[in-house]
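Undergrad: Sequence:
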Amino acid sequence: MIPWLEQNDPFPAVETALTEESGFPGLLAASADLSPDRLVNAYRQGIFPWFSENQPVLWWSTDPRMVLPTEHFVISHSLKKKLRQIHKSIHTGGPWKLKFDADFGQVIKACAAPRNHIAGTWITDEIIDNYQKLHEMGIAHSSELWYENRLVGGAYGICLGKIFFGESMFARVRDASKIALSHLVFFLKMNGVKMIDCQQETAHLASLGARPISRADFTVHLKSVIDLPPVTSWKSDNLCPLCSFHTISR
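Mind the numbering: the sequence shown is residues 5 to 254 in this note's numbering, read in order.
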């Protein structure tokens with residue numbers, strides 16, 4: 005059993021989340037409230053929402069936790085070649101552009117779109133509305149790849165203190181989400197953010213340098229950075245997402 009949270013109820017301790025034996029590892033609580041204040045309070049404690057249409061809001065704290073250290077982000081040789089092309093385009097007035105927050109609403113709606121003929125999405129209208137409010141508050145941000153003034157890839161998430169909580173990515177052309185993520189990782193690294201929270205483990209994230217750590221270790225890091233001065237200027241001028249990244253062959 006998990007607790008039902010009324011509007012002003014605090015979250016239970018993350019250590020009380022369900023375990024593997026329950027069949028729902030990491031599930032912590034449920035509620036009807038998905039306000040911006042509730043979301044910020046959740047992220048500050050390492051808790052995130054994940055639910056489907058017609059479900060209550062389900063709150064999670066997974067163990068282990070998938071994280072991407074910005075120092076360990078991996079760029080393959082093929083991706084490095086594309087980043088060079090885009091970097092050249094940016095500085096010569098070409099068709100490719102990398103931006104932050106130019107159209108957050110379009111990014112989150114693109115992330116919500118069905119993929120690979122799979123119906124449904126966890127990015128519900130309620131999620132879109134409330135994360136848009138967080139964006140207007142300067143808390144939610146998007147990294148975007150544009151081609152000939154058309155948004156072709158992006159990623160979005162929450163930035164509090166010196167940690168970024170990644171939520172979702174999308175691509176309309178090959179590797180567009182990886183390129184947007186590269187842009188984001190380099191920017192965060194330059195601004196003192198050492199970790200992106202990826203929430204759940206996937207092979208795709210692992211190929212980019214993400215790794216699982218214990219919830220206890222994640223919580224220790226979170227507490228050390230959550231109240232540090234936040235990133236306030238989200239500008240992409242003169243950023244080179246190739247700088248100081250490790251590269252591998254594929």
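The hints are simulated quantities; they were obtained by calculation from the structure and are not laboratory data. Be aware that one or more of the hints could be misleading.
Taking CB as the label site, the calculated pair distances span [said to hold, decoys possible]:
1) Gly27 with Gln89: 39 to 49 Å
2) Trp126 with Ser26: 18 to 28 Å
3) Gln89 with Asp13: 45 to 55 Å
4) Gly196 with Gly98: 48 to 58 Å
5) Gly142 with Pro118: 28 to 38 Å
Keep in mind that this is a model prediction, so the values were computed, not measured. Using N, Cα and C, we set each Cβ at its ideal position, and we do this for glycine too.
Undergrad: State the violated hints by number, sorted upward, taking the hints as numbered earlier in the document.
TA: 4
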